[in-house]
Amino acid sequence: MGWVKSPIHKRAHQNKRYNTATMLQFKLVLLGDSSVGKSSIVHRFVKDSFDEFRESTIGAAFLSQTIKLEKHPDVTIKFEIWDTAGQERYKSLAPMYYRNANAALIVYDVTQPGSLVKAQSWVEELKNKVGDQDLVICLAGNKVDICDEDATAREVQREDAQLYAQEQGLLFYETSAKTGAGVSAIFQEIGERVYQKKGMEVPSSTQARKPLNVELQRPSTNDSTSCCS
Amino acid sequence: MQMEDRQESPKSQSALVTEPADIKKIKSEDFPSQNDDEEPFYDFQAFVKLMKDPRADPIVRYTRSFLNNFVTKRELWTSEEQRKLVNDFKVFVFDKLTLYEPFKSLDAANLLNAKEGMEKLIMGKLYHKCFSPCLKSQLNVLDKGHKLDLDHDAMLADKREEFRFIDPQHLEINDKISSKLETFTQLSAKELGRMNGYKAPRDKMVCALNACRVIFGFLKHLKLERDGADAFIPLLIYAILKSNVESLISNVNYIERFRYPGFLRGESSYYLSSLQGAAGFVANMQVESLHIGNQQDFESKYHANQDALRKERESRQPSDPHKNASIPREPYGPSPSDYILKPLDGATNIVLSKFAELFSPAPASPQGHDAQEDVEGHDDITRLAQEMEEKEHARVLRELHAMFPDMDQELIRDISIAKKYRIGACVDVLLTLSS
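One line per chain: the protein sequences are A and B, in this order. In terms of this note's numbering, the first sequence is residues 168 to 396. In terms of this note's numbering, the second sequence is residues 81 to 515.
None of these hints come from the bench; they were simulated from the model. Cβ coordinates follow ideal geometry from the N, Cα and C atoms, glycine included. Certain hints may be false.
[As the list claims (entries may be wrong)] Straight-line C-alpha distance at most 27 Å; calculated BS3-like pairs for lysine-lysine:
| no. | chain 1 | residue 1 | chain 2 | residue 2 |
| --- | --- | --- | --- | --- |
| 1 | A | K258 | B | K322 |
| 2 | B | K500 | B | K303 |
| 3 | B | K300 | A | K214 |
| 4 | A | K258 | B | K256 |
| 5 | B | K129 | B | K184 |
| 6 | A | K258 | B | K303 |
| 7 | B | K224 | A | K296 |
| 8 | A | K296 | B | K164 |
| 9 | A | K258 | B | K381 |
| 10 | B | K239 | A | K258 |
| 11 | B | K239 | A | K345 |
| 12 | B | K129 | A | K345 |
| 13 | B | K227 | B | K164 |
| 14 | B | K322 | B | K216 |
| 15 | B | K256 | A | K345 |
| 16 | B | K164 | B | K153 |
| 17 | B | K300 | B | K500 |
| 18 | B | K132 | B | K209 |
| 19 | B | K303 | B | K239 |
[Stated by the list, open to error] Derived Cβ-Cβ restraints for the label pairs, each shown as a range:
| no. | chain 1 | residue 1 | chain 2 | residue 2 | range |
| --- | --- | --- | --- | --- | --- |
| 20 | B | D175 | A | R266 | 53 to 61 Å |
| 21 | B | T178 | A | E322 | 56 to 64 Å |
| 22 | B | R396 | A | E322 | 50 to 58 Å |
| 23 | B | E490 | A | S351 | 58 to 66 Å |
| 24 | A | K258 | B | D223 | 42 to 50 Å |
| 25 | B | L389 | A | R266 | 32 to 40 Å |
| 26 | B | A384 | A | E292 | 34 to 42 Å |
| 27 | B | A498 | A | S351 | 33 to 41 Å |
| 28 | B | F245 | A | K258 | 21 to 29 Å |
| 29 | A | R266 | B | D223 | 17 to 25 Å |
| 30 | A | A188 | B | K500 | 29 to 37 Å |
| 31 | B | R141 | A | R266 | 50 to 58 Å |
Let's have the full structure, built from the sequences with the hints guiding it.
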């Protein structure tokens with residue numbers, strides 16, 4: 168259905184010919200074990216971005232937030248963030264959420280090695296069911312603030328997770344929802360990556376009346392081996 | 081639930097993007113009636129009035145012709161054909177609305193209302209062909225899609241009986257959740273059940289969102305809102321499991337098929353998917369799906385329930401083939417024919433019948449209206465709409481009094497008025513006050 172794949176073109180100012188801006192709406196699905204703080208990351212993101220925050224009308228399982236891309240100031244991205252239940256027994260519901268997603272943020276807890284295993288199984292499932300041509304996947308190790316206070320608390324080494332992400336072609340960040348470290352960078356990077364994938368297909372924004380093909384197409388260059396950290 | 085074929089036809093995609101959508105527009109479309117801050121504009125009677133304008137004749141004729149073709153060209157379309165036909169027509173006619181007066185000169189909000197009105201009009205007319213429970217009598221000739229809806233509803237009902245004894249802990253519902261759990265999940269389930277009273281996909285969707293909002297109101301009260309889906313999904317499943325909402329899966333699939341994709345975005349889309357997932361979870365529930373602390377205790381409860389069920393099923397009268405074990409007997413639950421004959425949205429039905437001549441095969445001209453008759457018709461409708469509204473307000477007050485027996489009745493009334501009798505929003509405020 169047309170909930171995410173329709174690029175929205177917005178004329179920024181009165182001058183139709185020159186001052187055009189692009190607004191893209193992306194769906195991001197949030198995956199990870201129930202204790203890793205995935206909801207907290209999103210709350211932090213939504214709270215820290217000052218750009219027109221709107222309280223969701225129903226509840227915190229669905230949030231949306233708009234950001235401007237740092238590298239493309241004329242591009243505005245509206246993230247629609249779909250939270251999923253992290254408990255193992257509700258795993259079967261996940262396909263209802265990740266269908267048609269443009270990005271997936273998979274979160275683990277750097278103090279809980281088991282949560283990385285779970286995160287890896289999500290990566291596999293997404294690659295099998297959705298395919299990473301159509302999906303930007305980002306792996307995030309949360310709760311680094313605990314390690315900053317007590318280095319022995321860390322159970323997952325940054326290098327190990329990073330290497331895994333590299334091999335799988337995922338974006339990788341370590342974050343702290345508590346301090347905010349890494350949080351806005353993640354959404355910037357995901358936004359940038361999805362824009363690169365989708366932006367190509369977005370025709371000139373002055374052509375809004377023309378029928379558009381907004382199907383997500385496979386990118387011509389395969390950049391899935393590159394990794395950002 | 082269809083996972084395939086979710087891509088819309090290129091035609092409708094293009095229609096979506098050709099709408100002059102700015103940020104504000106997206107918001108208003110996301111949420112026609114749920115947002116308390118921006119008062120939504122949704123007035124079916126206003127749409128009907130526009131349709132009676134002589135200049136609307138081309139639109140009326142397009143609509144009439146579509147409805148006639150839909151019901152006469154074939155006895156029964158498959159669910160996927162129906163989805164496509166209805167969607168294609170909406171794409172087509174929404175485009176036409178921008179070409180003909182009185183729609184052409186409407187502002188964005190009124191044009192949106194006209195589109196909503198059009199969807200409500202055509203789905204009201206086609207409901208008996210499109211909503212799977214209405215097709216039960218044609219079971220042997222049904223296509224796979226409609227049949228699966230009915231099968232899944234029956235599965236859900238069976239599982240509800242099989243696991244009706246389970247406790248919150250079996251679903252890993254947070255220990256902090258208090259004794260009020262039953263009250264809130266029952267209220268949420270009641271809102272879900274109200275979907276059966278409406279024909280328009282939007283109206284059904286509003287019921288579903290209300291149900292979710294009640295759950296989130298409860299979570300906010302417990303300060304568990306921040307847990308997001310981890311806290312929400314188990315409660316939604318619990319509400320579905322402990323309720324006797326009929327035809328839940330048919331309703332959800334109906335919304336998904338016939339709600340215009342441009343309207344089914346953002347939050348609506350999220351909560352519809354959650355409902356689909358939760359209903360699917362219950363319909364496929366196994367002992368392994370549950371968190372079982374004490375195996376022995378669980379087994380004895382399970383077997384005791386099985387015995388009880390067997391007895392209940394034996395004692396049920398076998399005379400009525402529709403009342404088999406898979407259909408829960410609920411005091412207020414409508415039987416299949418009631419889905420057509422007694423819609424809660426009676427106001428809509430009167431409105432529809434009042435200008436039914438526009439959509440009857442006979443070449444009736446909308447210009448030929450007797451002005452006097454129009455006025456009377458309009459009065460009827462207004463009176464009925466008022467009655468319906470009063471009934472609804474009384475219902476909301478009743479529910480709230482039952483939920484908050486210690487609360488001052490005047491206060492509940494005042495809050496209900498302030499919150500326009502939206503039960504989810506009222507519960508939110510009352511919880512804040514009571515804590």
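Hint by hint, which ones does the structure fall short of?
Hints 11, 12, 19, 20, 23, 24 and 31 are the ones this structure does not satisfy, whereas the remaining hints hold.
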